[in-house]
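Using the sequences and the hints, build the whole thing.
Chain by chain, the residues:
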Amino acid sequence: MRRRLMVAIVTCLAAASVTLVDTARAQAPGVSDKEILLCSYQPMTGKESTYFRMGKGADVWYKHVNEQGGVHGRKINFKMVDDQYNPSRTTVVVKEFVERDNCFAIANPLGSAPTAAVIDYITENKVPLIGAGTGAAKNLEYPSRYVFPLYPSYKTEGQDLVRFAKEELGGKTVSLLYQNDPSGKTHIEGVESVLSKYGVQLVAKEPYEKNELDVSAQVIKMKALNPDVHLCSCAPEHAARFFTERQKLGWKAPVVVVFFGQSPKVVELAGKEAVEGAYFSTIFRRPSSPDPQMRQFVSLLKKYYPNEEPDAIHMWGYAGAQVVTEALGRLPRETSKITRDALVESLETIRDWKGGLIPSVTIGKGNAPEHFLIREMSWLQVKNGDFEVFTPKWMK
Amino acid sequence: MLAQQIVSGLATGSLYALTAIGIVLIFRNTRTINLAQGDFSMIGAFVALVILEHSGGSLVVATLVTIVAVTALAVVVERLIMRPIEGSDWLTLFTATLGVFYILHGVAGWIWGRDTKSFPALFSSAPLSIGGTLISQAHLFNILVAAVVGGILYLFFRFTKPGIAMRAITEDPVAAQLMGIPVRSIVLLTWAVGGVLAAISGILLAPLVYVSTQMMDGVLVKGYVGAVFGGLYSLPGAVIGSLIIGVAENLAGGYLGAQYKVTIAFVLIVLVLALKPRGLFGGKARREI
Amino acid sequence: MDLLSARGVHVHFGGLRALDGVDLSVPPGSIYGLIGPNGAGKTTLFNCISRFQPYSAGAIHYRGRDLGALGPHDAMGLGMARTFQNINLFRSRSTLDNILIGMHARLGNPLAAMLSLPSGRRREGALRGRARQMAEMFGLTDVLDQQVVHLPFGYQKRVELARALASEPTLLLLDEPVAGCNEEETRELCEIVRAINRDLNVTVLVVEHDMSLVRAICDEVTVLDFGRNIARGAPVEILNHPAVVEAYLGETVAPHA
Amino acid sequence: MSERGWQITLTFLAFGALLALPAAIPSFYASLLAFMFTYVIAAVGVNLLTGYTGLVTVGHGGFFAIGAYTTALMAKHLGTSVVPGLVAGTVLAGIVGFGLGIICLRLGGAFLAIATLGFALAVGAVLNNWSIFEGREGIQLGKNSVAGLGIKDVGFYYVGLAVMAIVMLASWSIIRSGVGRAFVAMRDSERAAEAMGINLRLYKTVAFAISAAMTAAGGVLFAHHNRYVSTETFGDTWLSVDFLTAVVVGGQASLFGSALGAAFVVMVPYYLGELRDFAYVLNGVALIAVLVFAPDGMAGVLARLLRRVLGRTAREVAPVVDPVSVGRG
Amino acid sequence: MLSLEAVEVGYGQIKALKGITLRVSDGQIVALLGANGAGKTTALRAISGLLRTSAGSISVDAVRLDRLAPEEIVRRGVVQVPEGRRVFAGLSVLENLRMGAYCRDGSIADDLERVYRYFPVLGQRRRQAGGSLSGGEQQMLAIGRALMARPKVLLLDEPSLGLAPKLVAEILKIIRTINADGVTVLLVEQNAYQALSIAHYSYVLRVGRVVLEGTAEELKDRNDVVRSYLGRQAAG
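Residue numbers (this note's numbering), protein chains in the order written: chain A, 87 to 482; chain B, 0 to 288; chain C, 193 to 449; chain D, 3 to 331; chain E, 6 to 241.
One should not assume that every hint holds.
Claimed, not checked - Under the rule of at most 25 Å between Cα atoms (straight-line distance), these lysine to any residue pairs were calculated in the SDA-like manner: (1) E:Lys157 <-> E:Lys20; (2) E:Lys20 <-> C:Gln245; (3) D:Lys78 <-> A:Ser230; (4) D:Lys145 <-> D:Leu204; (5) A:Lys440 <-> A:Asn393; (6) A:Lys389 <-> A:Gln154; (7) B:Lys275 <-> D:Leu204; (8) B:Lys275 <-> B:Leu9; (9) B:Lys275 <-> C:Ser404; (10) E:Lys225 <-> C:Ser404; (11) A:Lys120 <-> D:Leu204; (12) B:Lys116 <-> A:Gln333; (13) A:Lys212 <-> D:Ile153; (14) A:Lys142 <-> D:Tyr273; (15) D:Lys145 <-> A:Pro115; (16) A:Lys258 <-> A:Leu281; (17) A:Lys338 <-> B:Asp88; (18) A:Lys440 <-> A:Gly471; (19) B:Lys116 <-> A:Glu359; (20) A:Lys338 <-> B:Tyr254; (21) B:Lys116 <-> A:Asn393; (22) A:Lys389 <-> B:Tyr254.
Claimed, not checked - Short derived list, chain E residues pointing at chain C, Cβ under 7 Å: (23) Pro125; (24) Leu166; (25) Gly167; (26) Lys171; (27) Gln195.
If you're looking for bench data, these hints aren't it; they were derived computationally from the structure.
Heads up, the beta-carbon is just placed ideally off N, CA and C, and yes, glycines get one too.
Written as structure tokens, this is what we have:
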């Protein structure tokens with residue numbers, strides 16, 4: 087009796103393990119006639135959960151595509167899993183994506199450290215990693231053809247910030263408040279690389295931690311050094327704290343904020359007056375732009391996530407997703423011909439594509455540095471609490 | 000700059016103080032390190048925000064409703080979760096409040112989402128100048144409230160019957176029971192007072208640190224360090240400890256470098272405890288906890 | 193020479209003089225009593241001897257060795273063992289473990305013990321054998337594996353004594369051993385202490401309030417009051433000593449004393 | 003068979019099952035289990051200090067980090083892999099643990115908890131700000147190998163299993179020796195322990211050092227499992243809190259409990275993960291439920307079950323507070 | 006009158022009281038004697054409501070006390086002075102006394118006067134912290150604190166524990182005075198002879214049962230019996 091039971095149990099286990107392991111099919115993982123599985127790790131909970139907006143933005147576009155009938159009749163199954171912005175969770179989540187769920191590609195995930203944690207593994211397994219929300223140099227300069235970075239390196243942006251401070255605002259001395267993480271450190275790298283080129287002096291660089299309650303100590307110190315221009319490599323909440331403190335101390339130097347701090351949240355949290363006149367770099371148009379792509383984004387977001395206020399971070403996901411579906415549309419229709427490498431090649435065929443939120447997408451051949459989805463940056467200025475387009479002299 | 004750094008540090012420290020008081024209060028009478036104290040404030044901030052949005056902006060109404068709601072929450076936590084395990088070792092009690100922490104975090108994220116929300120400022124953003132140093136009105140008000148609450152609690156513990164009873168329970172709960180002090184009711188009252196403090200703290204902090212599920216994460220840890228600085232049993236100690244941390248942070252941030260700012264509190268607490276194992280105001284050894 | 197001697201020991205707690213130049217000399221082989229009113233400094237002196245309390249002036253010598261610089265954990269290695277006023281056992285452990293912990297000073301190389309090296313295991317076996325003997329001597333064999341916290345009071349007292357004697361001390365320090373005991377329990381304990389003194393050749397220093405015990409077993413007694421010596425002598429003399437009666441016993445000595 | 007005999011038999015059975023398991027499950031799950039082993043190892047270390055010696059630590063994430071970064075730096079600069087990392091990481095953490103033990107000598111209860119918390123956060127701050135540790139940007143580790151042979155998920159599973167077995171065996175050996183008795187004696191009564199000749203300074207610092215070294219072994223494996231270390235993981239208190247939770251939920255002063263508790267803190271969030279915020283609620287409810295219904299931890303419940311199955315009366319009851327003797331204390 | 010009828014109390018599976026019946030008549034001092042582990046302290050804890058009874062009833066003047074919360078029992082005039090004094094060390098003497106009167110409303114000035122009359126030393130030290138008093142003074146404070154509740158029945162758990170003989174005599178004398186002023190006393194004592202010297206009636210417990218009772222005279226006459234019951238270890 088007992089033996090029979092044991093046999094039964096062992097058989098069940100074996101059967102279960104076979105079904106679990108052996109889901110290999112004829113075609114590429116994650117692709118069937120009906121569906122394509124794309125996976126994404128997102129900080130849905132935890133300390134960085136406001137960045138989950140990126141996942142929501144991507145989700146909006148895929149939902150819209152599915153409603154229109156999908157890509158070649160295949161619905162996009164966009165699977166988002168919470169990694170809490172904790173790299174050790176990301177490793178588990180991504181392993182699951184690749185080995186258990188057989189995801190076709192990792193699309194529109196978020197986070198510098200989470201991506202750094204899994205980028206080796208993803209590329210070793212030859213899985214495309216498309217449009218990750220990270221500006222850390224390690225990820226953007228990754229020597230693999232499977233990596234498609236979303237937006238320009240923070241290093242490039244850092245260089246642009248200095249140029250803007252010098253050529254637009256005539257600053258000779260600048261101060262920098264930065265987030266003590268890869269984003270901030272990459273910005274510093276960029277800023278410092280061009281100081282001599284533009285003849286600008288960096289008089290103070292002060293870090294802040296993400297869980298820091300206020301930045302008064304840093305602001306007091308920087309104000310005392312009286313720089314001509316202040317640069318802020320800050321996330322929206324911390325940018326808002328900076329503006330509040332700056333207003334309190336009556337510090338008048340012009341401020342330039344990086345694009346990941348560009349959000350209506352800054353104005354909402356710090357108040358109109360505090361932010362008035364500040365410059366922000368951006369990789370998209372402002373949400374209130376009359377551009378039809380932007381209007382479509384705003385209305386789709388309202389449709390699928392009615393509680394969300396449109397924001398640049400939504401656009402990271404949304405715009406990246408648009409590029410992904412464009413590349414999927416360029417793949418052969420036969421399921422048997424769809425492979426991960428084919429997707430890479432398909433992405434590399436995109437030239438001067440204007441069908442999405444990004445004004446123009448051109449993806450080169452080669453490794454990550456050739457693969458940026460977004461290359462251009464533009465500028466905004468806050469006027470009456472709203473973001474207005476600002477065109478620097480050198481762009482005119 | 001020195002004076003400004005100190006004043007700003009005091010302002011930040013005062014944000015920690017109410018949380019530190021709440022922690023000390025509950026710890027003294029129940030041996031519970033309440034990890035959920037910050038989340039009580041967080042829930043309070045959200046409740047206040049909801050009321051403000053629906054009641055046409057009356058701050059007084061919002062404050063009162065929030066105090067009632069958070070106090071009720073604290074009472075529910077005591078009755079449903081802490082009372083069944085009363086008398087357990089402090090580590091078990093501590094872990095239970097961790098469970099409360101998870102639950103409240105989850106519930107808040109579930110109901111209100113994970114976005115940071117703004118909270119209407121109670122005061123104009125124009126700062127006050129005191130002898131050349133600037134302090135925002137909101138911070139000044141926060142310091143005043145912390146001082147008033149501290150004063151009220153001091154009088155409460157010194158002169159009222161329930162207040163002295165709370166101290167008696169801190170000393171010896173069994174003897175207190177034998178004297179006819181309704182220990183359970185007083186413990187419940189302690190949690191309720193903790194809830195009131197958390198609600199006030201939540202409303203005061205909301206315009207400054209904005210409203211989100213993790214708004215109190217930074218405050219909470221510093222609140223503990225402040226409480227332990229002061230010896231974990233002493234209310235004035237908790238306030239002074241919190242202020243010391245605020246100032247030390249700003250001085251470290253201003254003179255050593257901002258990367259030392261968040262660290263200094265932890266280095267200080269390790270050093271202080273190594274030299275004074277019961278904190279700065281801990282006095283003589285008490286019953287082992 | 194005295195086994196234990198204290199000369200001019202001072203201890204101050206803030207402004208309070210707990211010990212104000214106390215002398216004590218315990219001859220080897222004796223059962224020595226230390227009595228006095230509450231707050232006279234008996235327990236403080238006791239703690240100075242067992243090294244739980246530092247002293248500011250004076251000297252305490254044990255077998256001619258100055259104890260001043262030693263810590264409480266050194267006492268047992270020198271051959272002093274103590275019990276506590278309110279039973280202080282390792283409550284979550286068994287009787288056997290309590291006695292084994294009492295033999296800690298004989299553990300040998302801790303590394304060998306931790307890693308279960310052969311030498312460590314041999315020694316552990318020997319200790320366990322010895323602990324069982326100790327338990328048998330105190331009638332604890334039946335409760336060897338029971339958690340001590342569940343044992344009745346009388347058993348707990350005996351476990352504490354067995355634990356103290358497990359290290360084979362030459363001096364046993366007893367802090368109010370019969371507090372909370374009734375007549376019969378007191379008498380039983382007197383028997384045990386006498387047997388320990390006689391059969392195991394252990395010198396005993398006992399702090400006690402119960403005059404029946406003091407009279408029954410002590411060879412000699414020192415009386416303290418306000419941190420000073422006020423009398424010394426055989427129990428019978430002491431119990432009639434006017435200063436002692438005045439300071440400590442009062443007119444109405446308990447009927448059986 | 004005696005109760006102890008049963009325990010030993012069951013332990014062997016459990017390890018036997020773990021040895022055979024990778025043959026029956028996809029390598030992904032082997033990897034997940036190996037991840038869990040790193041937590042088990044850390045929890046065993048924490049339990050030695052908190053469960054047995056009674057010194058509550060909310061700072062062992064710091065030692066975990068020391069292990070992880072030691073091996074990560076060695077891997078990056080010297081090209082080493084798991085085994086040299088284990089040796090160096092445990093030794094270094096042991097030394098730091100000894101030092102922390104000295105600083106924390108006079109502390110107990112909540113004060114010790116906060117001091118150790120401060121230690122963990124200070125370690126996190128150093129990792130975040132000292133450039134060789136590369137802060138939140140993190141350090142990537144190469145493919146894992148043992149004795150020059152590359153190992154993948156299943157291979158790493160066995161490495162984790164072996165280290166876990168060694169750490170548990172070492173812990174078991176310490177606990178049942180005179181040294182382990184001294185640890186427990188300090189927990190039950192410091193004064194009486196001192197009177198028994200136990201050198202509190204020495205034994206507390208040694209307990210800290212051993213416990214730190216064990217936890218660091220978990221950290222070394224953790225780094226190699228993730229093949230990545232970053233302050234994003236090690237910079238805050240959650241690792242420390244997870245380890246402590248594992249010990250409380252699993253059962254203080256129980257090796258088996260450490261394993262169960264670590265499984266709880268790894269697997270519950272893992273399986274609830276897709277519920278997002280609701281996962282937090284359920285996790286909290288589960289945690290409280292264990293504390294309310296199993297005051298002596300999951301291991302205590304299982305031990306009672308085992309006894310019931312064996313039909314024996316409770317011989318070693320959990321340390322219940324006996325009101326009468328409390329009155330005397 | 007305080008009475009216990011067939012009261013049983015258990016810790017887990019162990020029964021500490023196996024059905025004890027005893028009566029304390031108004032105005033009397035009743036002693037509860039027995040070896041360690043006989044159940045004396047358990048009985049007091051049950052009366053004060055710290056422990057739940059599993060069978061039997063406890064009542065004072067025909068009002069049931071079992072199932073009442075400890076504070077309700079104090080309110081009904083049954084107050085305990087716990088073993089080991091347990092004064093609130095960090096509270097002043099006056100605050101300690103105020104806590105004794107916690108259950109009562111109204112002025113406590115008269116009661117303070119009364120306590121200071123019994124124990125003048127407490128009056129002198131009313132501002133001092135309870136923990137700074139000597140052992141004997143703490144025992145006085147513990148008794149004084151209980152008196153603040155205006156007890157009808159005072160339960161005393163080993164008031165002589167750890168006190169010098171002179172102080173023991175003094176405390177016993179005060180207990181007798183308090184009793185003479187109209188407070189009924191239930192006294193638990195290790196030291197049978199001292200207890201018998203002031204008690205009107207006594208009960209002897211052994212392993213959770215009443216094995217002997219009688220007036221002090223009756224018990225003293227049966228000295229040998231008492232001794233055998235009080236003496237034998239209650240081995241479990």
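Could you tell me which of the numbered hints above are not met by this structure, giving the numbers in increasing order? 1, 2, 4, 5, 9, 11, 17, 18, 22, 23
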